Amino acid sequence: MKDFEIFNHTADTGIIAYGDSINKAFANAAKALFSLIGEFGNDTEKILHRDIVLTAPDQESLLVKWLNELIYIFDTENIIFTKFNITKLSKTYLIARSYGEKIDSSRHQLKNGVKAATYHMLKIDKINGYRVQVLFDI
Amino acid sequence: MPVLWQETLRKIDDYHWEIPLDYKGGMRVPGMIFASESMLNHIWEEDVFQQVANVACLPGIIGYSLAMPDIHWGYGFPIGGVAATRVSNGVISPGGVGFDINCGVRLLRTNLTEEEVRPKIKQLIDELFNNIPSGLGSTGKIKINEKELAKVLIKGSYWAIEKGFGEPEDIIVTEETGCIEGADPNKASSKSKKRGIPQLGTLGSGNHFLEIAIIDKIYDQNAATVMGISDIGQILVLIHTGSRGFGHQVCSDYVALTNNTVKKYDITLPDRQLACAPVQSPEGRDYLSAMACAANYAWANRQCITHWTRESFIKVFNKSRRALGLEQIYDVAHNIAKMEEHTINNDKYKLCVHRKGATRAFPAGHPDIPDIYQNIGQPVLIPGDMGRYSYVAVGTEQAMKETFGSTCHGAGRVQSRSAAKRALKGNDINNILLSKGITVKAGNMDSLSEESSEAYKDVSEVVNITQQTGISRKVIRTIPLGVIKG
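If you read the sequences in order, they're chains L and B. Residues in the first sequence are numbered consecutively from 104, following this note's numbering. Residues in the second sequence are numbered consecutively from 3, following this note's numbering.
It is worth saying that the hints were derived from the structure and are not from the lab. Just so you know, not all the hints are guaranteed correct.
[Said to hold, decoys possible] Just a few of them, taken from the derived set where beta-carbon distance is under 8 Å, the chain L residues facing chain B:
1) Thr113
2) Ala114
3) Asp115
4) Gly122
5) Gly144
6) Leu157
7) Asp178
8) Ser209
9) Leu213
10) Thr221
11) Leu225
12) Ile230
13) Gly232
[Claimed, not checked] Computed list of chain L residues with no C-beta within reach of chain B, every gap over 12 Å:
14) Met104
15) Asp123
16) Arg200
17) Phe239
Treat the numbers as computed from the prediction; the structure is a model and nothing was measured. In this text, a Cβ means the ideal position worked out from N, Cα and C, and glycines have one as well.
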């Protein structure tokens, strides 16, 4: 099973992420987000981590909140994340530790400014594992 | 589901196409698309009608859910959408303003001509590029703390003027005089402030730019003269940017919040990105206070960039500010919600007008436009793509009658970013533009291809529809000479 796919609309870009568990699908959605932000080679280190704890009224909102939290940390701390351990994930809360490093312009090529994850076309499906879909404003 | 737009739309005339009320359950008003027949095929393929129809479901919407001719598919609201809701019993939708709150355009005129600027364009573009922080992850030269940021959020352009970034005359020719009322920094999250503090005074990335433009056509000599424009060949400066990470976070926060409260207000919506709250509810009022903060941040941002633009011209041409001109013609917001009074069938209404990728276009004599434009109407600034034209128009009475005083905001995308990238490489675009005599400098030349001419509708076609329908009137056309992009 591939981790994620990117789809394009006229003005914006979306992702579809897969996982045999919902935790894995959320982690792959985060990977997909950072693949839109830039090209970060396999040598991107995992020397920094940030713990994220979120609550939301439903799992779709939780997915948007999760991705927006990562955009926020990227925007304020310039950290690119490449590994995501989602330790707890229910319909309404998420606990995760994300690993990465500060942007190093000599090794990291930024591609797009991602403004936010949106609720438009937002979907979580359970078919042969999990499939989550999110559209971003780029 | 109909397979052809011809089966869906009711033709009013060559440029007005109605989406009838029965197109979709839940529509409270019909939709109205301003477009030519040739544009409709593309609009149909994109399924924008569905988005226009979704907006028509907002509680308290009045008249029509409107689509300007630069309409294209957005996330939730279409880009180029205008929706007016009654303040008394209608809603405000943060997604109907968008993430880049008060993304807008500012226009400066110079006393310089193409002959004077072309030989120095590379030097000028380099100087502007060095002096104005731009690009992904760029941070500003302005160092402020949270206490100072609160002042920016409350005062907007006034804060910038007080700090020496620009002149009081700039404020007079800025929509809302660069400071919308009701801003309350307590209604903006600490996250938005953390994003906003380092990014003040930055151009950003994506479709944001600064352009040195040459006037190549004058349609309305009288209006042009009032704007200080004398001749073809005169140089103008266009600045396109918004509220940066601050606005993005405010929108994210309030889309999430209003998603949680739609049930409380018994609101049913076809799309969660349209989440909204009654204008008069605590959530609605809080959003409007936070939106005002973001709008003011954007005006302060464009004001700082205006100052550095002047500095750069002074350095390159070694002349005084006065000798160079560089006065501001106008500054418009094209992603915003405004409280306005409009007359419909002789009745006056207090309305919340959402403009998402649409420009206010108030007519001559309107009390909200500056004295100097009282006889010609409010200047409307319509940038095109990097390789073709931009337009300056003025607002009209017709816009008040048909579009709540609104018109288009630009060309509108026709190609996704990745499709544009596949079609042409950044270096190819650079060469094509150079061969047209246009100098471009971008932080990331690779991303240049996303903004190629081919990715956009022809802005002339868009502007011609606003001209034919009379919702704005052309004054001048410009072509690019130099562009800096993030």
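We went through each hint and held it up to the structure:
no.: 1; hint: Thr113; in the structure: 5 Å, holds
no.: 2; hint: Ala114; in the structure: 5 Å, holds
no.: 3; hint: Asp115; in the structure: 6 Å, holds
no.: 4; hint: Gly122; in the structure: 22 Å, violated
no.: 5; hint: Gly144; in the structure: 16 Å, violated
no.: 6; hint: Leu157; in the structure: 11 Å, violated
no.: 7; hint: Asp178; in the structure: 5 Å, holds
no.: 8; hint: Ser209; in the structure: 14 Å, violated
no.: 9; hint: Leu213; in the structure: 4 Å, holds
no.: 10; hint: Thr221; in the structure: 4 Å, holds
no.: 11; hint: Leu225; in the structure: 6 Å, holds
no.: 12; hint: Ile230; in the structure: 21 Å, violated
no.: 13; hint: Gly232; in the structure: 24 Å, violated
no.: 14; hint: Met104; in the structure: 23 Å, holds
no.: 15; hint: Asp123; in the structure: 27 Å, holds
no.: 16; hint: Arg200; in the structure: 20 Å, holds
no.: 17; hint: Phe239; in the structure: 8 Å, violated
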